[in-house]
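**Student:** Given these sequences and hints, build the entire structure.
The C-terminal position of the sequence shown is numbered 256 in the numbering used here, with every residue numbered one higher than the one before it.
If a hint is listed, it holds; no wrong ones were tucked in.
Calculated cross-link-like contacts (lysine-lysine; reagent style DSBU-like; alpha-carbon spacing at most 30 angstroms): (1) LYS83 to LYS29; (2) LYS78 to LYS29; (3) LYS154 to LYS199.
Pair by pair, the computed Cβ-Cβ distance ranges are: (4) ALA116 to ALA55: 17 to 27 angstroms; (5) HIS42 to SER113: 34 to 44 angstroms; (6) VAL135 to PRO70: 19 to 29 angstroms; (7) GLU30 to ASP152: 37 to 47 angstroms; (8) PRO151 to GLY102: 28 to 38 angstroms; (9) LEU256 to GLN207: 17 to 27 angstroms; (10) PRO51 to GLN174: 32 to 42 angstroms; (11) GLU138 to GLU249: 27 to 37 angstroms; (12) GLN207 to ARG229: 20 to 30 angstroms; (13) GLN104 to ARG19: 14 to 24 angstroms; (14) ARG173 to LEU256: 18 to 28 angstroms; (15) ARG119 to SER255: 14 to 24 angstroms; (16) SER255 to HIS84: 24 to 34 angstroms.
Since the hints were made in silico from the structure, they are not lab data. We put the CB at the ideal spot given by N, CA and C, even for glycine.
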Amino acid sequence: MQITQVRNATLLIDYAGSRFLIDPMLAAKESLPGFEGTANSHLRNPRVSLPFPIADLIDVDAVIVTHDHPDHWDDVAKAQIPKHLPLFVQHQKDADAIRACGFQDVRLLGEGSEFAGIRLQRTDGQHGSDQTLAVLSELLGEVSGVVFSHPDEKRLYLAGDTVWNEQVAQALRQHSPEVIILNCGDAQIPGLGSIIMGKEDVRAVHQAAPEATLIASHMEAVNHALLSRGELRDFLLEHNMQDSVLIPEDGETLSL
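**Tutor:** If you want it as structure tokens, here you go:
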């Protein structure tokens, strides 16, 4: 497989002969306001430019939207992605919203979803702590991850926008992934804390799946993501995890 870190949580995944576009946020640099009520909300999004032309990013076999927050599924993506492409989503609510944008082949991720011989299994997550969700459950909503499996590839777990919790631990126990992509830019809401993984969450995943290769994503591209690649790199060295966690730059492709 090849995994290309595009920007933020947007990825290109080449897996068993198919190319997937993940969580497309395709807006131009600083074309959108910061997320109100989050850390550094005065900064505009996205913080950086796309490393590739949009035409290259949308030349794929299928699209996966783990949830429909605008830093994972934005108006430019809705306008630019061909309406005939298969598009996988977490539940009926997101499917209805995306169909309303004109997409003709919207599919629900489930336990036995399949695309071109690749099994796609939905996993659960939580977009913040129990305390955060108690206050902001409607705003943060439901999120999902995906496990890719195929006889010719390593099993891949895309965790999505979640913190470390029992749902992630359960996914690790159930699927035993060999490669794990973590959204670990430590996006924060003042007074409520992190709504995606930070460095301690990365360590928890590593401890639960010590043989897996971890890949850090969703970093340095939106206003409220506070963990930098450099800080994570220092943390990995401090805890002797540098050989287990890869931190690709935007535009970088990893072959696994």
